[in-house]
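J.: The hints should help you fit chain B onto chain A, whose structure is shown.
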Amino acid sequence: MCLLGPSGCGKTTLLRIIAGLETQTRGRVIQNGRDISALPPAGRDYGIVFQSYALFPNLSVEENVGYGLTNRRLPRGQIRARVAELLKLVGLPGSEAKYPSQLSGGQQQRIALARALATSPGLLLLDEPLSALDALERVRLRGEIRSLQEKVGVTTIMVTHDQEEALSMADRVVVMNHGALEQVGTPREIYETPASPFVADFVGRVNVLKAVSLGGGRYRAGRLALTSSENSLAAGQPARLYLRPEDRVVDMPLNGQPNQISGRIAKIEYLGGHCLAQMQVAELEGQPLSVYFSLNQMRDLGIREGSELTFALRADRIRVFAS
Amino acid sequence: MSAVLPAPAAAAPRVHVADLLVRALLILGGFGLALFLLAPMAVIFIRAVQDNNGNYVGFVHFANYFATPALARSVWNSLWVSLAVTAITVPAAFVFAYALTRSCMPFKGTLRLIALIPLLAPSLLPAIAFIQWFGNQGALKWVMGGVSVYGAPGIIMSEVFNCFPHALMILIAALALADGRLYEAADALGTRRLRKFFTITVPSCKYGLISAATVVFTYAISDFGAPKVIGGNFNVLAVDVFKQVIGQFNFSIGAVVGLLLLVPSVVAFGIDWVVRRRLTASLTTRSVPFVPRPRPLFDGLMLGYCALVCALLLGVLGMAVYTSLINLWPYNLGFTLKHYRYALIAGDYAPAFWNSLKMGGWTALIGTVFVFCTAYLLEKTRGLGALRPALRLLALLSMAVPGLVLGLGYIMFFNHPANPLNFLYQTMAILAISTVVHYYTSGHLTAVTALKALDDEYESVSASLKVPFYKTFWRVTVPVCLPAILEIARYYFVVSISTLSCVVFLYAPHTILAAVAIMNMDEAGDVGPAAALGTLVVLASVGVCLVYALATRLLIAKSQAWRA
Chain A
1 MCLLGPSGCG KTTLLRIIAG LETQTRGRVI QNGRDISALP PAGRDYGIVF
51 QSYALFPNLS VEENVGYGLT NRRLPRGQIR ARVAELLKLV GLPGSEAKYP
101 SQLSGGQQQR IALARALATS PGLLLLDEPL SALDALERVR LRGEIRSLQE
151 KVGVTTIMVT HDQEEALSMA DRVVVMNHGA LEQVGTPREI YETPASPFVA
201 DFVGRVNVLK AVSLGGGRYR AGRLALTSSE NSLAAGQPAR LYLRPEDRVV
251 DMPLNGQPNQ ISGRIAKIEY LGGHCLAQMQ VAELEGQPLS VYFSLNQMRD
301 LGIREGSELT FALRADRIRV FAS
Chain B
1001 MSAVLPAPAA AAPRVHVADL LVRALLILGG FGLALFLLAP MAVIFIRAVQ
1051 DNNGNYVGFV HFANYFATPA LARSVWNSLW VSLAVTAITV PAAFVFAYAL
1101 TRSCMPFKGT LRLIALIPLL APSLLPAIAF IQWFGNQGAL KWVMGGVSVY
1151 GAPGIIMSEV FNCFPHALMI LIAALALADG RLYEAADALG TRRLRKFFTI
1201 TVPSCKYGLI SAATVVFTYA ISDFGAPKVI GGNFNVLAVD VFKQVIGQFN
1251 FSIGAVVGLL LLVPSVVAFG IDWVVRRRLT ASLTTRSVPF VPRPRPLFDG
1301 LMLGYCALVC ALLLGVLGMA VYTSLINLWP YNLGFTLKHY RYALIAGDYA
1351 PAFWNSLKMG GWTALIGTVF VFCTAYLLEK TRGLGALRPA LRLLALLSMA
1401 VPGLVLGLGY IMFFNHPANP LNFLYQTMAI LAISTVVHYY TSGHLTAVTA
1451 LKALDDEYES VSASLKVPFY KTFWRVTVPV CLPAILEIAR YYFVVSISTL
1501 SCVVFLYAPH TILAAVAIMN MDEAGDVGPA AALGTLVVLA SVGVCLVYAL
1551 ATRLLIAKSQ AWRA
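Protein sequence lines correspond, in order, to chains A and B.
Quick note on numbering: the numbering used here labels position 115 of the first sequence as 115, and the sequence is numbered without any gaps.
In the numbering used here, each number is its position in the second sequence, counted from 1, plus 1000.
Think of the hints as simulated: they come from the structure by calculation, not from any bench.
No experiment lies behind these values; they were computed from the predicted model shown.
Where a beta carbon is used, it is the ideal one built from N, C-alpha and C, also for glycine.
Among the hints, a few may not be true.
Cut-off 20 Å, straight-line C-alpha distance, at most; resulting in silico cross-link-like pairs (SDA-like, lysine to any residue) [as the list claims (entries may be wrong)]:
#	chain 1	residue 1	chain 2	residue 2
1	B	Lys1380	A	Ile17
2	B	Lys1380	B	Lys1471
3	A	Lys98	B	Lys1558
4	A	Lys267	A	Val250
5	B	Lys1471	A	Arg76
6	B	Lys1206	B	Cys1310
7	B	Lys1471	A	Pro40
8	B	Lys1558	A	Glu63
9	A	Lys98	B	Arg1563
10	A	Lys98	B	Ala1561
11	A	Lys98	B	Pro1351
12	B	Lys1558	A	Pro57
13	B	Lys1471	A	Leu59
14	A	Lys88	A	Val154
15	B	Lys1471	A	Asn58
16	B	Lys1338	B	Pro1351
17	A	Lys98	B	Leu1555
Listed next, the stretches of chain A that the computed footprint assigns to chain B, with coverage defined by at least 3 CB atoms under 8 Å from CB atoms of chain B [what the hints assert, rightly or not]:
#	stretch
18	15 to 24
19	34 to 43
20	87 to 101
One-sided and incomplete, this derived list gives chain B residues near chain A with beta-carbon spacing under 8 Å [as the list claims (entries may be wrong)]:
#	residue
21	Asp1019
22	Leu1451
23	Asp1455
24	Glu1457
25	Tyr1458
26	Ser1460
27	Ser1464
28	Leu1465
29	Lys1466
30	Lys1471
31	Ala1484
32	Ser1559
33	Ala1561
Okay, chain A solo, but in the shape it has when bound (with noise of 0.2 Å):
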């Protein structure tokens, strides 16, 4: 599970309310149906990781990843063969003789992890792991996390401001704004059915077009007339339209198509695999529409800086909210 938002929306804070480490103003915090409200730190089942990691600099890594065990006086080869156990397991086997400061960026996160998951934890929560690293070995370490916790089996709650990693990592992720949920669901849902503006604005690119409803679907944008498959709302209701700039279609024949539109292209921006282009639409009157093309798209219809080009957006994919 990720808790997704923009800094300051009270992801983090809700972690550590999670973990004890805050205290919630109103409301209960329940775990396997304990009630865990008024519990401290150490008195709740979790293991946790910081963005800073936080190991022990003056602890080897066996020492650091051991720090639960040797708490629970286990006898000593149980505890080596423990840390041993949870090395291997995050792919640093041989490492216990070392000091955090000897490690990259990338190891003393594992590190980090296998202490974490050490005393077994029903919990695992992730404050933000991935964003002291640097970009490769960010998207590396993605898929190494998802892995381990899938081996391991624990729940796991992490916080990011990422919303690839949040997409990419997750079963379920949360999207948080100013401190409340604007939407919990799959990848796929938070992404295809945004449940409000915020959720669609933040998570991937959109468009959104003011527009008046006419009911039965049908809204009037500028001179433009489009159609959704949402019909929420009555008939003269200002609304807004939200668009993703992949939802449309240009190399299927347009006959029939609804939502046909004639645009100039005003700008592309080159984006590696794709590009996006600036549509102006006369009918529009001013209001600019953002829309992908693979380049091999680009090519095929000779899409330059200044052509004309007619196309049609993809009415299941028009989300419609009020405004």
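T.: Only chain B this time, still in chain A's reference frame:
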């Protein structure tokens, strides 16, 4: 996986105990500071408005005080002398600090060390040395051109000597913060040197200058040692307190003067507090350190200046050492160790030096443990949110209380027959405790800085691993902060073996301390033994600093493996 380990829930009850322990210790720390700092201060306030029988008399004592012209004049004397000391010390130290940070002169390390030497000497020692140099039979009496060194000139000279390193340390820190990028930008714009100095250098260390000025002013106005020795008939507030209390047992007037002495300190403390907050704000910006380039003429001038200052400082200290090694100035200049024998073995004050070492040891031990543990509890634990700001304020407030005023509060509070802690009076313990409290702020700030450098989440991680806080404190926090802990201990030892103002009211014949003995011997005309004892104090401080440097070096070498 979970088959290997017992269920974690079993650890729950122990946790609450740890939490309770935190609260108990924090309350204990607060209680300690309240008892040994606030209560004595409160008693001074009360005594200032009471007569000797404990009846409320309002502001009669204040009125009496200001109606006595001799006493009222002390206020003015204290003020202008301290202002003069500030006006001389801060620019002198600024140029020195500027040379150390902004020039390429050689011998920077040595010059800096020499400039810090006054920190190791009791504040009386320069006064004794200046009397030897410029006094009635002084070696360089003609330099004074008929002006007597006893009085304002001697006090000012002595306090400049005493305050110089304090101002220097602050100004070095302020100048070292320079942002090299600003100078590069100015160079790119073709800015002249003088203009760069006034538009970049001065504004960037403005707060350092203000802070240095307040520290020097507070030190000069509240120091008691130098004016006592060299002040002659020139009355200042600090000596007035002493005379009223020790000479005339007039506690009420003593309390009034103490409160007057408290005013400039508290004002200076307020200014410094505001300035420090700004200082830390400018610290956080990312800047490129300034690297000076060689400029032969400028570097040479700077070296000349610093060498001159160091020669003057060494000249003062050297005269004290010389006095301790000759028979009797200026009649018999033969070499002798008899003053040392007198000061250490034969004389009435023979136990003083050993008492001071003992007291220094106790202060270092008690002070370091109390300061560091309290700072840890304040910075790294949770709970009792309302108590914490109060404790932080108390920790900083100790700086604002002059030692003499604190000592006065202690006699009034602990010597009261009804006080259950009366048994502390006249013991070594009360000397150590008062010194711990008097020098609390500096140690506290050192500890807080070291603790703030640690990751805030160590405690959270330990809690999640069900490890009680005290284990993490012992296994992680203390080892990582050991350099800072040693620094606090060194500081406490050095200040406590040379302190005078705070303990002058509190010693008993069997707990007499070196600085008090120096004062008494000097008063009795035994200048040689006084200088000998002062020299010994300096030597002991140097010894402790060497041990500290060695210990720190060993420690760093030993922990090389994990200190990045």
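J.: If a hint holds in the structure, say so; if it doesn't, say that too.
T.: Tested hints:
1. B/Lys1380 - A/Ile17: holds (18 Å)
2. B/Lys1380 - B/Lys1471: holds (13 Å)
3. A/Lys98 - B/Lys1558: The given pair, whose Cα atoms are some 15 Å apart, holds under the 20 Å limit.
4. A/Lys267 - A/Val250: It holds: about 18 Å lies between the C-alpha atoms, which stays within 20 Å.
5. B/Lys1471 - A/Arg76: Judged against 20 Å, a Cα distance of about 18 Å means the pair holds.
6. B/Lys1206 - B/Cys1310: At roughly 25 Å apart (the allowed maximum being 20 Å), B/Cys1310 and B/Lys1206 break the hint.
7. B/Lys1471 - A/Pro40: Holds, at roughly 17 Å.
8. B/Lys1558 - A/Glu63: holds (18 Å)
9. A/Lys98 - B/Arg1563: Holds, at roughly 12 Å.
10. A/Lys98 - B/Ala1561: Holds: A/Lys98 and B/Ala1561 sit about 9 Å apart, inside 20 Å.
11. A/Lys98 - B/Pro1351: violated (52 Å)
12. B/Lys1558 - A/Pro57: Between B/Lys1558 and A/Pro57 the Cα gap is close to 14 Å, so the pair holds against 20 Å.
13. B/Lys1471 - A/Leu59: Holds. B/Lys1471 to A/Leu59 sits at ~13 Å (cutoff 20 Å).
14. A/Lys88 - A/Val154: holds (17 Å)
15. B/Lys1471 - A/Asn58: At roughly 14 Å apart (the allowed maximum being 20 Å), A/Asn58 and B/Lys1471 satisfy the hint.
16. B/Lys1338 - B/Pro1351: holds (16 Å)
17. A/Lys98 - B/Leu1555: This hinted pair holds, its Cα atoms lying about 19 Å apart.
18. 15 to 24: As far as the stretch 15 to 24 of chain A goes, the hint holds, because 3 residues have Cβ atoms under 8 Å from chain B.
19. 34 to 43: holds (count 5)
20. 87 to 101: holds (count 3)
21. Asp1019: Where the cut-off is 8 Å and the nearest Cβ of chain A is about 5 Å from B/Asp1019, the hint holds.
22. Leu1451: It is violated, given that the least Cβ distance between B/Leu1451 and chain A is near 14 Å, above 8 Å.
23. Asp1455: At about 4 Å, which falls below the 8 Å cut-off, the nearest Cβ of chain A leaves the hint on B/Asp1455 intact, so it holds.
24. Glu1457: Holds: closest Cβ of chain A sits about 4 Å from B/Glu1457, inside 8 Å.
25. Tyr1458: holds (6 Å)
26. Ser1460: This interface hint holds because 5 Å falls under the 8 Å limit.
27. Ser1464: holds (5 Å)
28. Leu1465: holds (3 Å)
29. Lys1466: holds (5 Å)
30. Lys1471: Holds - the Cβ of B/Lys1471 comes within 8 Å of chain A, reaching about 7 Å at its closest.
31. Ala1484: violated (14 Å)
32. Ser1559: holds (7 Å)
33. Ala1561: Nearest chain A Cβ about 6 Å off; hint holds.
When held up to the earlier numbered hints, the structure conflicts with 6, 11, 22, 31 and fits the remainder.
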